[in-house]
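Residue numbers (my numbering), protein chains in the order written: chain A, 6 to 343; chain B, 6 to 343; chain C, 6 to 343.
Hints listed in this document are in silico derivations from the structure and should not be mistaken for laboratory results. Some hints could be false.
Note that identical chains are pooled: a pair holds if it fits in a single copy or bridges any two copies.
No more than 30 Å apart at the CA atoms, straight line, and that leaves these computed lysine-lysine pairs for DSS-like [unchecked claim]:
no. : residue 1 : residue 2
1   : 14        : 335
2   : 299       : 337
3   : 200       : 14
4   : 200       : 337
Keep in mind the model is a prediction, meaning the values are calculated, not measured.
Okay, here's what each chain looks like letter by letter:
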Amino acid sequence: MYLRDIQQKLGGEIIGEVAAPLTGVGTIAAASPVQITFLTNPRYRTELARTGAGAVIVGARDRDVTGIPRLVVANPYAYFARVAQLFNPPRVFAGGIHPSAVVHPEARVAASAYVAELVSIGRGAEIGEGVQIGPGGIVGEGVVLGPGTQLAARVTIYGHCHIGERCIIHSGVVIGADGFGFAPDFTATGGEWVKIPQTGRVVIGDDCEIGANTTIDRGAIEDTVIGNDVKLDNQVQIGHNCVVGDHTVIAGCAGIAGSTRVGRRVMIGGAAGLVGHIEICDDVIVSAMTLVGKSITEPGTYTSGMPMMKHADWLKNAVHLRRLDALADKVKNKGGST
Amino acid sequence: MYLRDIQQKLGGEIIGEVAAPLTGVGTIAAASPVQITFLTNPRYRTELARTGAGAVIVGARDRDVTGIPRLVVANPYAYFARVAQLFNPPRVFAGGIHPSAVVHPEARVAASAYVAELVSIGRGAEIGEGVQIGPGGIVGEGVVLGPGTQLAARVTIYGHCHIGERCIIHSGVVIGADGFGFAPDFTATGGEWVKIPQTGRVVIGDDCEIGANTTIDRGAIEDTVIGNDVKLDNQVQIGHNCVVGDHTVIAGCAGIAGSTRVGRRVMIGGAAGLVGHIEICDDVIVSAMTLVGKSITEPGTYTSGMPMMKHADWLKNAVHLRRLDALADKVKNKGGST
Amino acid sequence: MYLRDIQQKLGGEIIGEVAAPLTGVGTIAAASPVQITFLTNPRYRTELARTGAGAVIVGARDRDVTGIPRLVVANPYAYFARVAQLFNPPRVFAGGIHPSAVVHPEARVAASAYVAELVSIGRGAEIGEGVQIGPGGIVGEGVVLGPGTQLAARVTIYGHCHIGERCIIHSGVVIGADGFGFAPDFTATGGEWVKIPQTGRVVIGDDCEIGANTTIDRGAIEDTVIGNDVKLDNQVQIGHNCVVGDHTVIAGCAGIAGSTRVGRRVMIGGAAGLVGHIEICDDVIVSAMTLVGKSITEPGTYTSGMPMMKHADWLKNAVHLRRLDALADKVKNKGGST
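Just chain A, same shape as in the assembly (with noise of 0.2 Å):
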């Protein structure tokens, strides 16, 4: 592939041309001559001065901070994805479904729908063209899969939820599963947890993408709701009813409590946590580790957590945080004896 190839499919400005065609793309640091990489971050123009890559993807200020052959181009960075995309298309296999799969006779599989080997599909389940379902799937009951939806190896889907079109979902995710609805049922000689039914669904837009291992449970009464270009990484967990608004991203081993209504936009860094039955407003940044315990209407970025030390130091510091109020109570006393 040369530039002018790409930039037919994608646009951009060339200066240059690769000598021979290129196979692939690279980091600045390990590209090869047939490999093209790109530049967003100003601190890399000298270490760009000795890659060996054949090309460059640069934005508009860097347009000549380099004599190789480049694509100048608006955005860089997802430039640089879709120029990945045209190398490594994904991987679809034809039509068909394997001998070892067991589907119900009353699902409906498209003609262009691959189905793996030892996969499971359920009664009245709709799986749309081109879906691909990896081996070992397990597709419930009435579940709607859209058109061009990838189901990696291994993916659980509970009765009747609905996937939207071209999403991706990794190798054990669980959507549906019953939210964690219990109601207390105590006296003083004894009782019992009742469980409240989870007859909602989980519904999942389109262009999703979902991570190893992350779970989705199903709503109590209503669905949990998942918008359209969300991207959830591995071991992500999101309870009953919660409703996920357009491009949020959540990164691993965060965890939303149930009836939490996530914004669109809305960036969630790895390991938070949100209490539930708050609501997150748009464009909002939560911190990695972060606690949301509360409602956040104000866009920005929001942060706790105690930064790291020395466990020595730690230990010296920490023993004050048990005593802030009467620490803070002295000082405040103080004042008025000065």
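For chain A, the structure is supplied; the task is to place chains B and C on it using the hints.
For chains B and C alone, kept in the frame of chain A given last:
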């Protein structure tokens, strides 16, 4: 179903009666005339005046708060949960083994147990009456599943673990994997971690529910033990040799390190962490994302964690956390000089 | 097994000999006369006096602390682990492929490898001598599993990943899912996250153990690399392009964001979180639930997090955390005015 049908099964006092049979449950805000709702929180009394529900479940104090047909009961929320169960009985498949399942000839499967497609059951396993094993389940050698227990799709139970009666285990759960036990054997010139064989089991009581992708490790020598009526949410991790008491509930993403003992009726918040080798007494509540670093011997609520702030504020405040000891010293010394 | 049989295999000094052959290992508190126990912590010397064990493993300093038959060794805990292995050798199935497994004709499976029921093995995979693949395992195209490696039930290895020799991988593990890589392409009128194809692999060394439901993402362009003798507990998350050094151990629920490099012999506590693009040097210990927000260049123990308090105390203290900067200012100013 009329109110009198519900009352016949679950008790309570009827005031009025619905005109047309009820078909399900709903929220105060969204219920229709053929649905029944419930009121527990006094804040929703106003909303109840506008509900479209055909009937409502209320407590004695709210007996006359509405004119619509109603059931007056001791515990409206628990009663509602049981009514919801009446309308949504768990799906139970008739006994039988799908031809694609691989069942060891020396396993014993009760006639009324249902074994779905693509399930594996090992030698000597005992599958009780009415057990439901969803597609892709793996039941190891010598595992015992008590009567009425339901495994959703794709659950793994390692060999020799015991699950009680009427448990519900969700997709992706792994019960009985090896605990994390290694002995360090290092010298100045190298070494290795020596694996300690994990020869205990996991023993789970009756009426437990275990959420998607939760893991419970087998004991090192003795067993990991989960009591009765214990409810674990998704992605909970229970280390080897832990003991969890009856009626305890643990929210999503919480983790308990090895050999810790948790009492009865304990409530552990989401993403909380308990270190190993400690004891938590009965009737403790642990807040979300709290690190429990030592034993708790007195009932009550326990919390750690720093409150969330705007990131700019956090930056200004957090720097002082590294110097709290010095700050406290300064306050103390000034105390002397005043 | 007599003490002399153990000594023959593992070395050490014998004092006394058991009357009847030993059949297993036990704890000091619970061992029977046909079991052997061990003493490392001096605090348990008293308890040892009451043990029912038939023999004990002790260090040189505890040579004469008891009169029961004993093995005196350099590292009693590691020795005990090896004795426990003698009594509990890993279950190894004879080579063969279950007829329900789906093995691509172009995969190479060693004659001594065991492939259980309902397993899928992709084109070009290489399964080494003595490998054990449990039921429901998914081994992608071109995957290499080194000799002696054991996959428990229901493990997923994505295409082209390499696993070394003698590794143990537990149920629900997902190795090689796509890393979390998206380029934002938004304007005032909308936009999308553009997926960056994840074309690297996961490469895991020898003698590693990986706990249930742990996830390790494949690299974006280069590989994610796990060294030798690395032990990961359950529900650990390792992001794309991370490098983890030999002998490092990571406890349950910990997460490492992308492109972070962790040294050798590092110990990471449960639910700790490491942000991306940092480096942790050799011989670091990270406490449980600590957020590591920047590189660590010096060996030692590092901690963050606020100590747990009764909730009422927490409420009083936490309020001051939002005003620490003001409090410090007040203290400083009084310093000036005194």
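Against the structure, the hints:
Taking the closest pair of Cα atoms, residue 14 and residue 335 never come within 30 Å of each other, the shortest separation being 69 Å inside a single copy and 62 Å across copies. In this assembly of identical chains, the alpha carbons of residue 299 and residue 337 lie at most 30 Å apart only when taken from the same copy (29 Å versus 33 Å across copies). For the identical chains of this complex, residue 200 and residue 14 are inter-copy neighbours only, at 17 Å across copies versus 55 Å inside a copy, given an alpha-carbon limit of 30 Å. Taking CA atoms no more than 30 Å apart as the test, residue 200 paired with residue 337 passes in neither setting, with 51 Å inside one copy and 55 Å between copies.
Checked against the numbered hints given earlier, the structure breaks hints 1 and 4 and satisfies all the rest.
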